[in-house]
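Since the structure of chain U is already known, use the hints to place chain V on it.
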Amino acid sequence: MRLVYNILASLALLLTLPSIAFANKPTDGGYWLQDAATPVMEELTKLHNFVFWIILGITLFVMVMMGWIMYRFSAKRNPTASKTTHHVGLEVAWTIVPIIILLVMVVPSMRLLYFQDALPETEMTIKVTGNTWNWEYAYPDYPNVESFISNPLEKEDAGDLYLLKTDASLVVPVDTKIKVLITSSNNLHSFAVPAFGIKMDAVPGRINETWFEVNPGKEGTYFGQCSELCGVNHYKMPIEIEVVSKEEFQSWVANDGAFTTAVASYDNVSIVAQD
Amino acid sequence: MAGIGYEDHDDGKPGFFARWFYSTNHKDIGTLYLIFGIISGIIGGYLSFMMRMELSEPGIQIFENGHAYNVFASMHGLIMIFFMVMPAVIGGFGNWFVPIMIGAPDMAFPRMNNLSFWLLPVALICLLISFFVPGSASGNGFGGGWVMYPPLSTSGAPGPAFDFIIIGLLAAGFSSIFGAINFITTILNMRAPGMTMHKMPLFAWSVLVTAFLLLLALPVLAASLFMLFTDRIDGGTGFFDPAMGGDPEMFQHLFWFFGHPEVYIMILPAFGMVSHVVSTFSKKPIFGYLGMAYAMVAIGVVGFVVWAHHMYTVGMDVDLKAYFLAATLVIAVPTGVKIFSWLATMWGGSISFSIPMQWALAFIFLFVLGGVTGVMLANAGVDVALHDTYYVVAHFHYVLSMGAVFGIFCGFYYWFGKMSGYLYNKWLAAAHFWLFFIGVNVIFFPQHFLGLNGMPRRYVDYPQEFELWNQVSSFGAYITLAGVAFFLLMLVEAFIRKRPAGANYWGEGATTLEWTLSSPPPYHQFNTLPRIEQNDEH
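Heads up: the protein sequence lines correspond to chains U and V, in order. Residues 1 to 275 (the working numbering) are what the first sequence spells out, left to right. Residues 1001 to 1538 (the working numbering) are what the second sequence spells out, left to right.
If you are wondering where the hints come from, they were derived from the structure by calculation, not from laboratory data. In this text the structure is predicted, and so the values were computed from the model without any measurement. Treat the hints with care, as some may be off.
Said to hold, decoys possible - Selected chain V positions facing chain U (in silico; Cβ < 8 Å):
#1 Gly1288
#2 Thr1313
#3 Leu1325
#4 Ala1326
#5 Ala1327
Said to hold, decoys possible - Only pairs whose alpha carbons sit at most 27 Å apart, straight line, appear in this in silico DSSO-like list of lysine-lysine:
#6 V:Lys1199 / U:Lys83
#7 U:Lys76 / V:Lys1013
#8 U:Lys155 / U:Lys46
#9 U:Lys246 / U:Lys177
#10 V:Lys1013 / V:Lys1426
#11 U:Lys177 / U:Lys218
Beta carbons are placed, not taken as given, at the ideal position from N, Cα and C, and that holds for glycine.
In isolation and in its complexed conformation, chain U is listed as follows:
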């Protein structure tokens, strides 16, 4: 039985290789939002792109207007200036039209805000604590999984993933609504994972919460970075999250928070070092 499982797991590994290749992290020379892995980030990207077209339109409108005015009313072409200083219709128009544009924008904006922030019925909880300078992860739902510290890897070990890769990643199941409780043991930090569309400050004396649900088929390794100034090593406290299938997660939990060998190689750079 064990053998069959291992073979299946190895096959699964082969099939998931492409998703490892597309591990979500900043793209080289990228100029847009990172690919969405959660419904929240999908909606966030949609709203961003919607607002982007509006602001691009406004910018181009002003640019073209200015260009035309500079051409048409240069001292060369228009030696005598008019003396117009009022036009009630125009002044009302450029007050009303922006208000209408903002109203068009505020409706989807509010929808996204409440979607992000109104915590749904979550299926499991993880607790994140920011320390100087590493992250500590705990699984209150699974007492057998001990909380562990995730330290950044030095350049020799992390290679191309330096400042993203850690020695122990947070492991979560795919397609599961997960509540994240975030706090800090000393300075402020911020727990941010761009592909999940989450960023929440870790504040001493407070427990903040947010949530995410990784879309089915989006298993893989995701990276984030501390996003609130926290001192000398602020730049060096990355967040690494490994999203696995529900079955793999169950076996990880059953194994007290360690991967069986086959699944362990999921992690294509470092070997499992959860302890």
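The following block gives chain V in isolation, referenced to the frame of chain U:
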């Protein structure tokens, strides 16, 4: 005997020391402020240049560690805001031209004006000392960001470095409060006969609104700095310490209650100067004067009720975020009124593209660019992805490094001849403009990409994926540096060549009172107050 000194003043200027160190003359104090602003600008610019050099490739090249970088980043912010932009726009141009524009002989409280200025060098020296005294365990200086959030500014910075910053900022804050009192009193009480509020030039309006913002916002900063100060004392208070029942987020609310009006404090006087320049070089009066004046009032008022949009990720209640989202978007409306009114002022005009007008046109366009990314950031939902990334850095440098600073250069070239009595060299000024314009765009436009791609702010080193746009951005720093060199060259050249400037060297478009005086104006102007005719163009 007249008894009051200035009654029997001739135009004789006091000796050098008395004139520049005991100065009570608004024009001399304005000049001191401008020189001070240029010096601070060079210091702040040096700090940012070093940061750009560090970031030009992955790895830590220049700085000893992340702390040293954070110190540079924090001080760059504080110095540019409190010691470059504010002294230049309010202390410099405000002192020089508000009294003249409203037809007053001087400021209401000349000696307080002197105090306002001389507090600033003291403050700057305190900030500079903080570089060299212990900050945290990681080194000298304070690296907690210009926002100074606790616990990084309390338990995170036990050394005296941050105490020097508190003292320096308190001094700078009092300087600004005194200045604000002075401007409000001057503008409300010392306008020439016939100069009603609704005839007052827009620059004076902008400084009036700014002065009210200063008066209401800076005491809050002073109070929160003082709370930090007592929190830092062993066995002191615990306002922001959760172990003592405090809350670090309370500081953020206090800070941004000051901090958001602060950004309008920096930009409103630039609005005022740009209005004059656009009107002058279009040879047309300002379009929609009343709308322009009250748009600034509206921006000032709304600016006080949007502060928590800087704090969307601290874990606020969602309804509160919804409110701040809506309130923030409202600011786009009066800002739009200003942009469109400038365009309408130019419409139908007879535009000449002199150097100040080039700065003004660039200001309008770049401010729109920075403004629309502000609309993006106002959406609390999207801000989750962008908060504390380089997108924010790009946004506020577009409105400040290109908004406020372009406004400053716009005013500087507009009034340079008026203030110094000499004309600048057009070619040096044009080289300054174009290098600066291209340089800052090359620095800051790619930072939008970095932010969207997820690069957090205040990082001394970054994953290699961010290298390309960081390299481009650092290249822009060289171009900007060349621009600054031409600015200094322009100054030196103008003072060597001494080409005299006439009273009104811009011609028929320049209609405010400073153009009725000689260049430079007499040491004391308006011994007989000017009378403003009743049927003005407004």
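Going through the hints against the structure:
1. Gly1288: Hint on Gly1288 of chain V: holds, closest Cβ of chain U at ~5 Å, below 8 Å.
2. Thr1313: Nearest chain U Cβ about 5 Å off; hint holds.
3. Leu1325: holds, 6 Å
4. Ala1326: Constraint on Ala1326 of chain V satisfied, holds at 6 Å.
5. Ala1327: violated, 11 Å
6. V:Lys1199 / U:Lys83: holds, 17 Å
7. U:Lys76 / V:Lys1013: Violated, because 44 Å separates the two Cα atoms, which is more than 27 Å.
8. U:Lys155 / U:Lys46: violated, 36 Å
9. U:Lys246 / U:Lys177: Answer holds: Lys246 of chain U to Lys177 of chain U is near 12 Å, not above 27 Å.
10. V:Lys1013 / V:Lys1426: violated, 31 Å
11. U:Lys177 / U:Lys218: Measuring from Cα to Cα gives roughly 14 Å; hence the hint holds.
Violated hints for the displayed structure, listed by number in ascending order: 5, 7, 8, 10.
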